[in-house]
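Number of protein chains: 2
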Amino acid sequence: MGVTKSDLFTETQNELATYAKVLAHPARIAIIQYLLRTNTCCNSILVGDLGLAQATISQHLKELKNIGIIQGTVEGVSVNYCINSEKWHYIKEMLFELFESYESQNCSNC
Amino acid sequence: MGVTKSDLFTETQNELATYAKVLAHPARIAIIQYLLRTNTCCNSILVGDLGLAQATISQHLKELKNIGIIQGTVEGVSVNYCINSEKWHYIKEMLFELFESYESQNCSNC
DNA sequence: TTAATATATCGTAATATTGCAATGTAATAA
DNA sequence: TTATTACATTGCAATATTACGATATATTAA
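If you read the sequences in order, they're chains A and B.
Numbering of the first sequence is given in this note's numbering, commencing with residue 1 and proceeding in unit increments.
Numbering of the second sequence is given in this note's numbering, commencing with residue 1 and proceeding in unit increments.
Don't read these hints as lab results, they were simulated from the structure.
Treat the hints with caution; some may be incorrect.
Given that identical chains are not distinguished, each listed pair holds provided it fits within a single copy or across any two copies.
Claimed, not checked - Derived DSSO-like pairs (lysine-lysine); straight-line CA-CA distance at most 27 Å:
#1 Lys-87 with Lys-65
#2 Lys-21 with Lys-87
#3 Lys-62 with Lys-87
#4 Lys-92 with Lys-21
#5 Lys-65 with Lys-92
#6 Lys-62 with Lys-21
#7 Lys-62 with Lys-5
Using the sequences and the hints, build the whole thing.
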């Protein structure tokens, strides 16, 4: 049916999946990496850097903004985007908690 | 067009996006969390635990297996799945590298 | 005001994902 | 062999995602 049955899962499970979904596109990873290097960027620069159309970049920025991992401030005629420090660390913590909870013991079967 | 332009991005960007995509569903997060608790599980147990149909669980297990984060071994009539330690740490490292490369300085604009 | 610039939104086509019933396959039990 | 059990695969319907041209909006410059 193409529709996730969110009600079957815990809030944490849905939340983690939502964050992962936003990271689940190379263009959005590229935008994040660009921000990690330069601290700030705008739509038109990313259009030149990534090679996707303006509307497409705008859409990816919107998704990143929607979960709060980046924020945008109007700067004259353009919009400066940067990482939202608080949300970044929140998402980082959730992912780290998941990945650190594995104790690496091989299971008895393999 | 619904098709990601992978050729525009680096191998790392595509790789990270691929791993994130597999985590981008609460059922797959739930399966992973189940494995973190119990070390091993099989399809039929997950069907009871998650409340999705057998075919659906099988499909999610397949996607997790495809990127190598879990592995399955035939045990009589059933299949035991467990976390693949090596791949787990590989994916963990990639994610940690990304999330640790942010120095938290607020940008000059916001 | 009008033009230029930058970004957002809308609409749409192509493709991907989710979920499940039905069916296929493979191993053990009777 | 035949039944049973567990899982995978197929096929399909519903929905989501990706990408972009066209257009709307908003700010500054002339």
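These are the hints, each one checked on the structure:
1. With identical chains, the CA atoms of Lys-87 and Lys-65 are at most 27 Å apart within one copy only, with a shortest distance of 11 Å there and 30 Å across copies.
2. For a Cα distance limit of 27 Å, the shortest separation of Lys-21 from Lys-87 qualifies both inside one copy, at 15 Å, and across copies, at 20 Å.
3. For the homomeric pair Lys-62 and Lys-87, the shortest alpha-carbon distance inside one copy (15 Å) is at most 27 Å, but the shortest distance between copies (32 Å) is not.
4. Taking the shortest Cα distances, Lys-92 and Lys-21 sit within 27 Å of each other both inside one copy (14 Å) and across copies (17 Å).
5. In this assembly of identical chains, the alpha carbons of Lys-65 and Lys-92 lie at most 27 Å apart whether taken from the same copy (16 Å) or from different copies (24 Å).
6. Taking the shortest Cα distances, Lys-62 and Lys-21 sit within 27 Å of each other both inside one copy (13 Å) and across copies (18 Å).
7. When the C-alpha separation of Lys-62 and Lys-5 is checked against a cutoff of 27 Å, the pair qualifies both within a copy, at 24 Å, and between copies, at 19 Å.
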